[in-house]
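Chains B and S are the protein sequences, given in the same order. Positions 1 to 454 (our numbering) are the ones given, in order, by the first sequence. Positions 455 to 534 (our numbering) are the ones given, in order, by the second sequence.
Note that these hints are calculated values from the structure, not bench results. Since the structure is predicted, the reported quantities are computational estimates derived from the model, not experimental observations. Hints are not guaranteed to be accurate.
To be verified - No farther apart than 25 Å at their CA atoms in a straight line, the calculated lysine to aspartate or glutamate pairs in the DMTMM-like style are these:
{"hint": "1", "chain 1": "B", "residue 1": "LYS351", "chain 2": "S", "residue 2": "GLU491"}
{"hint": "2", "chain 1": "B", "residue 1": "LYS351", "chain 2": "S", "residue 2": "GLU482"}
{"hint": "3", "chain 1": "B", "residue 1": "LYS351", "chain 2": "S", "residue 2": "GLU514"}
{"hint": "4", "chain 1": "B", "residue 1": "LYS351", "chain 2": "S", "residue 2": "ASP476"}
{"hint": "5", "chain 1": "B", "residue 1": "LYS450", "chain 2": "S", "residue 2": "GLU491"}
{"hint": "6", "chain 1": "B", "residue 1": "LYS351", "chain 2": "S", "residue 2": "ASP505"}
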Amino acid sequence: MPSLGADMEHGKLVEWLVKPGDYVRRGDLVAVVDTDKTIMDVESFQEGVVTDLLVDIGETVPVGTPLARITQTPAETAPPAHVAQVAKATAKAALSKAAAPIPTAREAVEPHPKEAASIAPPVRHLAHRLGVETVKIHGTGRDGAITRADVEQAVAAPSRNRVRSSPRARRLAAELGVELAAISGTGPQGAITEADVNRAEAPAPESPSPSTQATPKPASEEPAAGKSSDAGERVASLRRAIGALMSRSKKSIPHYYLSTTLDLRAAVDWMQSVNAERPVAARLVPSALLLKAAALAAREVPEMNGFYDDDGFRPSDSVHLGVAVALRQGGLVAPAIHDADTLPVETLMEKLRDLVSRARSGRLQRAEMADPTLTVTNLGDLGVESVYGVIYPPQVAMVGFGRVMEQPWAQNGMLGVRHAVIATLSADHRVSDGMRGARYLARIEELLQKPEEL
Amino acid sequence: MNEQEARMAAQTAIGKVAPDVDMADVDEDSRLRQDLELDSLDFLRLVETIDTDTGINIPERDYPAVATIKGLIAYLAAHG
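Construct the complete structure from the given sequences, taking the supplied hints into account.
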């Protein structure tokens with residue numbers, strides 16, 4: 001069980017994306033894990049063949065517990081196997097473990113022509129994600145294996161194979177013998193949820209009793225079904241986790257706070273003119289511009305961007321911008337947009353939308369939770385003028401943006417009305433002080449005056 | 455589209471973006487942002503959903519007109 005955040009102590013296995021005999025490469029998604037905060041995909045830290053799944057679905061285990069046994073080649077199964085594990089309960093350990101060099105054994109696929117060749121887990125996962133039924137695909141790879149290209153082609157083909165659904169819904173449908181294509185989904189973008197499958201299955205007269213024992217415990221329901229007591233438990237555990245982390249932050253980090261009002265006239269004017277020419281799906285929101293400016297400025301003021309641990313401050317070379325996302329059922333998570341400073345605003349906007357929607361439907365990935373270097377909270381979007389965040393350890397700063405609003409603005413002895421936003425900075429006094437913090441906020445404002453260059 | 459169809463379209467779109475909102479409990483005077491707690495990304499997704507489902511493109515300058523459920527229904531009825 002890897003650590004999926006500085007404050008994580010245990011996790012519950014929700015779903016296996018691989019089975020014994022599957023060949024996995026480093027980085028392939030192998031399991032879905034439920035932490036106190038959210039549900040996340042976990043990738044393999046090793047390459048090899050999965051020989052044993054050591055944790056059952058629904059089991060909660062402490063960080064560091066081995067989840068699966070992965071052997072480099074099947075011949076090695078008997079002697080002490082390599083175990084995909086993360087030994088330490090810290091994100092740091094998880095990261096360094098993930099970065100450890102892994103011996104490769106590409107040939108290991110060969111001895112498993114029957115099961116492993118049909119479809120490799122990453123391809124299966126891709127199919128899952130795209131809503132393609134792998135049984136209907138004709139494999140063109142070696143020994144009839146289904147390749148990535150086959151899956152992509154199946155998606156491109158205008159067939160009814162293209163059904164959006166959650167993996168859980170898909171599996172439930174298979175168990176109940178329900179045709180996914182015949183169900184209308186109520187999930188995000190019409191995706192079929194577990195609840196939809198149950199509804200569709202319900203009227204059928206003779207079939208094994210639906211859902212409950214056929215599926216793993218529904219603790220990780222789609223949000224569509226989020227009104228159960230499980231959702232209540234989730235909110236409670238999320239609150240506890242946030243409470244524990246924030247008390248640690250407030251106890252151990254000497255915060256200082258700055259605030260300034262940013263002139264957004266140029267940024268909002270530019271955004272509105274750009275949006276007027278775009279289809280809805282490509283429109284920008286002010287947050288995208290604010291995030292980009294915050295990321296760029298962080299590159300220039302490195303005291304805001306990095307980690308403070310036992311060895312003191314370690315600035316980060318990359319800007320992985322954490323974005324605090326309010327979950328609709330309560331609580332928040334702050335996954336990262338990687339290398340936010342290098343992304344064009346359009347890309348950043350897409351990533352933001354993707355991240356927020358996955359955060360809310362509970363499909364974040366380990367790396368996104370584990371490595372933000374600086375976090376932005378944009379809670380003001382829903383009403384307040386300014387927000388002073390609490391630094392998320394081991395980070396050293398938190399940027400807050402309030403609501404974008406029109407306000408009176410005096411300049412050159414004239415009074416006008418402009419869009420503006422209050423930006424705040426909570427920063428770690430062990431690393432920086434007000435001068436550097438002020439420099440950081442001032443840089444954000446300067447960058448926002450030339451939105452077309454962001 | 456008539457008002458009934460517009461109401462259905464609005465409710466369907468809100469249901470997709472905010473499945474936790476129980477439309478039966480919601481007053482049509484409710485404001486989408488403040489009362490239903492849609493943030494700017496949720497709101498954009500709502501506009502996109504309506505565009506996809508009904509073909510009605512709500513330009514940004516008309517956002518103030520669709521700030522409430524009632525306003526959204528009236529807008530869809532007038533433009534659909």
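Evaluated hints:
1. B:LYS351 x S:GLU491: OK: LYS351 (chain B) and GLU491 (chain S) at ~22 Å, within 25 Å.
2. B:LYS351 x S:GLU482: Violated. LYS351 (chain B) to GLU482 (chain S) sits at ~33 Å, over the 25 Å cutoff.
3. B:LYS351 x S:GLU514: Holds, at roughly 21 Å.
4. B:LYS351 x S:ASP476: 29 Å, violated
5. B:LYS450 x S:GLU491: Violated - the C-alpha atoms of GLU491 (chain S) and LYS450 (chain B) are around 31 Å apart, more than 25 Å.
6. B:LYS351 x S:ASP505: Measuring from Cα to Cα gives roughly 21 Å; hence the hint holds.
Hints 2, 4, 5 from the list above are not met by this structure, while the remaining hints are.
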